[in-house]
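Undergrad: Listed here are the chains, written in short residue letters.
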Amino acid sequence: MDFSFNDEQQMLLDTTQRFLASAYGFEQRHKLLESEAGWSREIWSQLAELGLLAVDIPEVDGGIGAGPVGVMLVAQATGHGLLLEPFLSSAIIATDAIVRCGSDAQRARWLPALASGERIAVLAHEEAQSGIAIDTITTRATRSGEGWILSGAKSVVYHAPMADMLLVTARDDQGIGLFAVPGDTQGLTRHPLRTVDGQRAADIELENVEVGADARLGADVTAALAEVIDNGIAALCADAFGALERILKATIEYSRSRKQFGVPIGSFQALQHRMADMLIQLEQARSMVYLATSHCRDADPVARRAAVSGAKVLIGKAARFIGQQAVQLHGGMGMTDELDVSHCFKRLLAFELRFGSTDAHLADCRQRLRAA
Amino acid sequence: MDFSFNDEQQMLLDTTQRFLASAYGFEQRHKLLESEAGWSREIWSQLAELGLLAVDIPEVDGGIGAGPVGVMLVAQATGHGLLLEPFLSSAIIATDAIVRCGSDAQRARWLPALASGERIAVLAHEEAQSGIAIDTITTRATRSGEGWILSGAKSVVYHAPMADMLLVTARDDQGIGLFAVPGDTQGLTRHPLRTVDGQRAADIELENVEVGADARLGADVTAALAEVIDNGIAALCADAFGALERILKATIEYSRSRKQFGVPIGSFQALQHRMADMLIQLEQARSMVYLATSHCRDADPVARRAAVSGAKVLIGKAARFIGQQAVQLHGGMGMTDELDVSHCFKRLLAFELRFGSTDAHLADCRQRLRAA
Amino acid sequence: MDLAFNQAELDFRDEVRAFLRDKLPADMRRRVHLGDHSHFREDIPRWQKILNERGWGAPAWPVEFGGPDWSKTQQFIFEIECALADAPAQLAFGVKMVAPVLMRFGSPEQQQYFLPRILAAEDWWCQGYSEPGSGSDLASLKTKAELDGDHYVVNGQKVWNTLGQFADWIFCLVRTDSSGKPQRGISFLLIDMKTPGISVRPTRLLDGSYEVNEIWFDNVRVPVANRVGDENAGWTYAKYLLGHERTNIAGIGACQRELRRLKQMAAGIERDGRPLLEEAVFATRIVEVELELKALEITNLRVIFAEAQNHAPGPEASILKIRGTEIMQRITELQVEALGARALIAESPGRDLGEDLPRAVEAYLNQRKLTIFGGSNEIQRNIIAQMILQL
Amino acid sequence: MDLAFNQAELDFRDEVRAFLRDKLPADMRRRVHLGDHSHFREDIPRWQKILNERGWGAPAWPVEFGGPDWSKTQQFIFEIECALADAPAQLAFGVKMVAPVLMRFGSPEQQQYFLPRILAAEDWWCQGYSEPGSGSDLASLKTKAELDGDHYVVNGQKVWNTLGQFADWIFCLVRTDSSGKPQRGISFLLIDMKTPGISVRPTRLLDGSYEVNEIWFDNVRVPVANRVGDENAGWTYAKYLLGHERTNIAGIGACQRELRRLKQMAAGIERDGRPLLEEAVFATRIVEVELELKALEITNLRVIFAEAQNHAPGPEASILKIRGTEIMQRITELQVEALGARALIAESPGRDLGEDLPRAVEAYLNQRKLTIFGGSNEIQRNIIAQMILQL
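Residue numbers (the numbering used here), protein chains in the order written: chain A, 5 to 376; chain B, 5 to 376; chain C, 19 to 409; chain D, 19 to 409.
Keep in mind the hints are simulated off the structure, nothing from the lab. Any given hint might turn out to be false.
To be verified - Under the rule of at most 20 angstroms between Cα atoms (straight-line distance), these lysine to aspartate or glutamate pairs were calculated in the EDC-like manner:
1) K41(C) to D29(C)
2) K321(B) to E351(D)
3) K35(A) to E365(C)
4) K321(A) to E306(C)
5) K321(B) to E306(C)
6) K321(A) to E351(C)
7) K321(A) to E306(D)
8) K321(A) to E344(D)
9) K35(B) to E365(D)
10) K263(B) to D155(D)
11) K321(B) to E344(D)
12) K321(B) to E306(D)
13) K263(A) to D155(C)
14) K321(A) to E344(C)
15) K90(C) to D6(B)
16) K160(C) to D236(C)
17) K321(B) to E344(C)
18) K212(C) to E140(C)
19) K212(C) to E232(C)
20) K90(D) to D6(A)
Take these sequences, add in the hints, and give me the full structure.
TA: So this is what it looks like as structure tokens:
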């Protein structure tokens, strides 16, 4: 049992924190948020230069191979910074999908470009009606000569508007296939969205999208993709935890400085006890981030899913409670666009809904309860 | 819309309150609680003399016919007094069952005896596995000559040990029958219980219990009995509300007088806010008592069940919250047998579980949600 | 005891329903249904004029000032029916807030000038109470009004001013004396928003909306004749106003409307191949909030009944405010939960995503204000502890 | 970062398990399983002796005093395994409370006399802290000890004394000086329960049990040699004790045992024709409490790890206490809910109603104490607000 971080891990955390503290202040971020694109390619390049986009690429593929703990620490920092750039989508999830499912050629073709920030890829998997189980999607792939034709629709794909390549999941006769589809492929439509946390995403339609023989990564990726997504959810949990730390710290500081009736509002016992409860939930959330991180690469899918879904549920509930109470304790200021608190609040709301809502993961945990 | 009570109703409330205030103080009740029998026939006779055992008997049958509002007010007072005697079991539920299901002869035979307190009757209906719907029981009645033979088991029948007569529900070829079974009938075994709120009850076994032709009340009583039980639950809700009022009042008074750190604990904001929440739940519970009372005799079973189950759920949740917090706010004193608070707390716990638990009524409400 | 409305009340409800069916313009109704606030500035006065033509412009006003002199029960029925019919909410600041103060404490000139204009929607009113340092602790306000001949000269800043960007008039609490207790030196002024020296800056809220403002007063000259009642007695008038703001404080009608919508959503959304309404965990949440709302409706009627028995509106309003706002917030949460990941969509230009996207998530964000504004729920719990529980 | 136990820790766990399998008497195990407290007086010393024979009588003690010198992690593993095996809980008052104080502040004579007797269960210890007027505000205690030659004469009353009806010794906080701050004039005395002038009255609790007492001291003479440390410095020792009482404050093992039981109950109880474990609403409640417990287990390990890194035990213990007690109370609630109406049965002489009746409802009632005693959860939240959040 060991809750310390080694030097490399600590360096990753420090590097990310230091960079975001200098380059990603509230005002700087706010400008990006309001910009047409909603993100900064310059920030993206700087993240690449710091090596952070290679954090989840194995050393054998030229990456850092920082492992789940390294990913956790970087994601915690990007969550704390409320990063708008597609770190989680491209550098973790899409990257990991290629690492796990790609052939040597595909890995060699894509991983360096993703690590350098030249290219951005996203996984386009979730559908409006799909569930946590990978095989609940309905997008179909049919053979056409050497290649495939894809048809279907994907729902709220984060960072799809800025992606050069989409990794699209589709059902075919072999099971679930994963297909690399360039963003400008004919028949692929991206309906741009702004998400509740100010990020950019797209609903995607695929109408007879033709892709070549080399577009497919692996054969049936059902099992591998479940691991990719669990790894991604673990990182997302760390991201949410970063936002939780920030919003609670801001709330405590606000309650120390804001005076009413001649005293800081933090001196009122009812608010003190609420903040104590927020802290308890934060610490419980931290423990579940550690749990998810520890198990997100478990070969045993039951233990992996239990840890990851469990973390998603408990952190989702903490996100709801801490987020809402942070707004409440900020009073009117919590309602404005002008402080950290509302931005963290929306990031946390998005966390509750992304990659399977709290309810969906709760249902998943119930299934395991029966099986046990 | 009118939330006032007429003079007769007000008199019923005053009479009951005044009697219990004088005859049923904490010490007096405590003696009964600890006694072998667990109740007082003398108190019972006095309730009869005050006319309270005739409150739910129609005037045509020689009763007071006070209607649901009158019953509500008396039950509220008996709940406030934490009455151990079988008012609800005999004077409301069993009485009402006879009123609704009995023939003229049966009514004439039983109602005066119940009203005068000479006889006590209880409904023996619930079984360990039965649900809210009347027809989920498994006790069986088979014809035998002019009469019937009953076999089965009934679970936690309140006040069965002191009952002269049990009204036993059983399935037969006509549907659900209601059978008057004297307590000393051969084949009927009462396993005495003390319930969590200190009342006396029994698990009942029926092994080939023979009853005569005149034992049966009505033919298929499924619909009538559902009304009887809903009327009983409405009264039970009022009883719980009486206990809720008492426990909250005790808590507020305790928090005013108990000093720690040189000030009354009621001056601590965290406790003040909790008591404010307790008050809100109390007032919401009061509203639901009114709702159940208003609808518990509705001919339309859907509206009746919605009001009664809804009240049972919401008051059950209030009972949980207010009861637990009352104990908590009393500190160590809340844990003892020596104050009102623990006795109210246990009465409220019993309320949650009796006549369909909060969960069971929630499930019933869900069914209506779908149907709507 | 009888929870049902009597025949006269039922007839009145039918009359209101018929009116709403006939007179509420479809475009307006549609916008309210979709949570589309883009036409606020036009819709609110337009609807006020329609109500006023019918004589219903001010449900709570006595006949002498042009009101219908409805009972509290009638007002309650009216509010619920309007909400359920997707009618725009009336702007409270004129009809429900400044008007009762003017009727009780205003000069005859103030009454004669302002009240008819409020009824006819000729003036848009807003409120100037909170300040950067004075939220829950309102009495600590600092905006200063100094006498200069027959004018006050007003300097200071107000915040959380709702919809003041459209306003013609603002009623303000200002400090006219700093010597004694903070409550003592406050006066109640009516200020024409066109007076030089007033500037308005909208505050962007977390849902992207602009519904509150900061307002600066820089040597704004206000005729003394626009002071309501006595100098330094404004706190009394503000407290009186507060008592009157609370008629519809529980928002039963709006909650019923949103609950109805939630149930429709849950019936139409499938999860694991069946309607969400049949999924036990989610259905339980709906049942629980529905029961709370049913109870609160009765609790509200009880308060109305007590008031009709000549009990003054009391601290019970805090119960209605707390529970009503919590219920509405809970319903908005459940609407978002029902939508699941699709609720993430805050904006998708040019597409028809149905009635609930992004309305539901915007409402969830926006309604966080309910427990903060109008006397935070923490302040309401203090009131209950002190006034009802006497702790 | 590695959440798993290392090989040495796993080996240790196996060793503990083997010991419990071999040495925990079946009758005792059965009583603990059934929540049968009737043999407390015999079982607790009996189990202590068995542990002591193995050298495990005091997990947290250093070797010099006869302890095994286990790491905090080992102690954590030991507590969990004992709870899961239905071993009786060790009596904390001797081993975990007075002993650390004696080791740190006691005289050599006190150490030599008392510590071996604690290990060998020759003395049953209890605690005399709370008084009728001093619960959360412990420092206001009034029980007076006045010097008379080489004795103190003690007068006063203690309440919420746990299991003192069986005790040989009591450690007490008494007032030896009333002049300065209340914390200043407190001394820490060891009192032989057989001393004349002590009377014990059991307090009946709401579940019918007798586990706490009132104790009166009427001119009780206590040798000055039985004072621990300096006169008037008792508050310091009490605070030191508090820090040590908290090793197992979360009660993870007991929670795990009761959760396991809850799941077994829910698997065995049918509702509407299927196991309750498959009913979505109830299963959700189980999942939620199970996740909280899993998280708290890790949180507890984090605190242990931090302490091992030479951080002193700090206010984080309040987090463990609050959440641990809330989780245990929640589990007892769910056990009662699982039983439904059958849980109403508090007593039914002479019948075998299975393992859970009336155990579950008694536990529900009894465990309400968890959030009150040992520093109420309100006090714990004050500590978090002040010590961690620095509000």
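Undergrad: Are the hints correct? Go through all of them and say.
TA: Status of each hint after checking the structure:
The hinted pair formed by K41(C) and D29(C) meets the criterion: a straight-line CA distance of about 18 angstroms does not exceed 20 angstroms. About 13 angstroms separates the Cα atoms of K321(B) and E351(D), which keeps this hinted pair within 20 angstroms; it holds. A C-alpha spacing of about 18 angstroms is found between K35(A) and E365(C), which places the hinted pair at or below 20 angstroms, so the restraint holds. Restraint check for K321(A) and E306(C): the C-alpha separation of about 19 angstroms stays at or below 20 angstroms, so the hint holds.
The hinted pair formed by K321(B) and E306(C) meets the criterion: a straight-line CA distance of about 10 angstroms does not exceed 20 angstroms. Pair hint K321(A) plus E351(C) holds up; C-alpha atoms about 13 angstroms apart against a cutoff of 20 angstroms. A C-alpha spacing of about 10 angstroms is found between K321(A) and E306(D), which places the hinted pair at or below 20 angstroms, so the restraint holds. Between the alpha carbons of K321(A) and E344(D) the distance comes to roughly 16 angstroms, so the proposed pair stays at or under 20 angstroms and holds.
For the given pair, K35(B) sits about 18 angstroms from E365(D) by alpha-carbon distance, which is consistent with the 20 angstroms threshold. Distance check on the hinted pair: K263(B) and D155(D) sit about 9 angstroms apart at the alpha-carbon level, within 20 angstroms; holds. With a C-alpha separation of about 17 angstroms, the suggested pair K321(B) and E344(D) falls inside the 20 angstroms cut-off, and the hint holds. Note on K321(B) and E306(D): the hinted pairing holds, with a Cα-Cα distance of about 19 angstroms set against a maximum of 20 angstroms.
With a CA separation close to 9 angstroms, the supplied pair K263(A) and D155(C) stays within the 20 angstroms bound. Straight-line distance between C-alpha atoms of K321(A) and E344(C) comes to about 17 angstroms, which keeps the hinted pair within the 20 angstroms bound. A C-alpha spacing of about 13 angstroms is found between K90(C) and D6(B), which places the hinted pair at or below 20 angstroms, so the restraint holds. At roughly 14 angstroms between alpha-carbon atoms, K160(C) and D236(C) fall within 20 angstroms of each other, so this suggested pair holds.
At most 20 angstroms may separate the alpha-carbon atoms for a hinted pair to count; K321(B) and E344(C) meet this at roughly 16 angstroms. As the CA atoms of K212(C) and E140(C) are separated by approximately 15 angstroms, the hinted pair is consistent with the 20 angstroms bound. Restraint check: the Cα-Cα separation between K212(C) and E232(C) comes to about 16 angstroms, which is no more than 20 angstroms; the hinted pair holds. The hinted pair formed by K90(D) and D6(A) meets the criterion: a straight-line CA distance of about 13 angstroms does not exceed 20 angstroms.
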